[in-house]
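Visitor: Given the sequences, and given the hints that come with them, work out the whole structure.
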Amino acid sequence: MLKDITLGQHFPGNSVLHRLDAMIKIILSMLYLVLIFLVKGFVGYGLLAIFVFCIILLSTVPIKFVLKGLKPLLIFIIFTAILNLFMTSGTVIWQWSFLKLTYEGIYFAVFMILRIVFLVLGTSLLTYTTSPIALTDGIERFLTPFAKIGAPTHELAMMMSIALRFIPTLLEETDKIMKAQMARGADFESGNLIKRARALIPLLVPLFISAFRRADELAIAMECRCYQGGKNRTRLNVVKVGKIDIIASLVFLLCAAVILTANLAG
Amino acid sequence: MEKSKIRKITITAVLSAISAVLMFLETPLPGFPPFLQIDASDLPAIICAFGIGPIWGVAVGLIKNSVHMLATKTMVAGEIANFLIGASFVLPAGIIYKKNHTKKGALLGLVIGTVTMALAGVLTNLYITLPFYSKMMPMDTIIEISNKVNPYIKDVMTLTLYGITPFNILKGILLSAITMLIYKPLSPILHYSKRPC
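Protein chains in written order, with the working numbering: chain A, 21 to 286; chain B, 30 to 226.
Any given hint could turn out to be false.
[As the list claims (entries may be wrong)] Sample of chain A residues facing chain B (criterion: CB under 10 Å; computed from the structure):
no., residue
1, Y127
2, S181
3, I221
4, F232
5, D236
These are calculated hints, taken from the structure and not from any lab test. Here a beta-carbon is modelled for each residue, glycine too, at the ideal position from N, C-alpha and C.
Guide: So this is what it looks like as structure tokens:
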């Protein structure tokens, strides 16, 4: 069960998308989210499909790999499609007791599926082409304006990269403790709510204790290396917004403008 | 042993990692809509708030949701709602326990936390989650279906009141119960851990 979780979906490569600055990619992904909710009509979705397809090609991530990201959402997509198909009122084509198939239903269902699919495809490319470390770095730089008003952005980014580092370790640890407790007769998967909540305790206590130990060791290691927070700390790799980032942003804005004008026309 | 800032950072980070791991183990509750899922991921946040400080507990929620966002399993709105609801539980509970550092204070904090969480649940669902989901599927039909299950649900307001508030209260009670059970054995280790020589 725990093995199915894929967190570091990073797909290493050296494409234009991989080389883009993480902060720019985060901003562009946010704009892309907004764009998706603005698109309407066949022409708009057609252009959007071409745009997404081109970006996937550009990223050199195999399409099969990208489509795999849709799998966890399959149930959600089917649920949405069925809801929209049969529950939208309009011109009835086919009816069976309370189930009505309407033109409007088909129309909405298709658009909703497209909307979710494009949403996931576009945003998952961000994690495919950016390593988690570059991503947290991007988030930190994206949040620097808030640091000026006193928000602890450096500490947050630091904690986030530590958390990312420890997630695989702790997943393994959880699995190990679960198996150890199951060998002692613990039951995690049956019983009512209260029983299940109680069953969590022999899992959680050892997990927390081992995590505290790791945190202590890490704190000592960091103190030994004189870590003292954000101010005056220099970086190993200094990242700057370059030419390629500006060009990419302009291309994205151009595409978005084309799609939105097609929207108004169609 | 004195708690340095670095130790606070590492403990918060590791607790956020546990929180993110637990968030993947979510299970839907029987009798509630499928997007309302229960998981123990707020537990590290509340333990962090009790053990280190209320703000650090909120940080756990923030990091957990940022990490979860990278996995893009759900839409972003779910994570924002989860953070707001989690913070509204952790922050009051942590502040009250900090002021009144007794078992009674912890219990009082958890009860008030549950209440504020239920309130925040209504607000975030009314203004963030449900409007977002209504972009994906027609809201009226959701209400129609909910109406068949629970005849009191007639519009968006009653949907949040009768569909989501009981869920959040139940979640708060469960969380509080587990916290009361496990915080005591954990706190000595959190505060006076034996440092390896």
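Visitor: Taking the numbered hints from earlier one at a time, note which ones the structure violates and give those numbers from smallest to largest.
Guide: Structure breaks hint 1 only.
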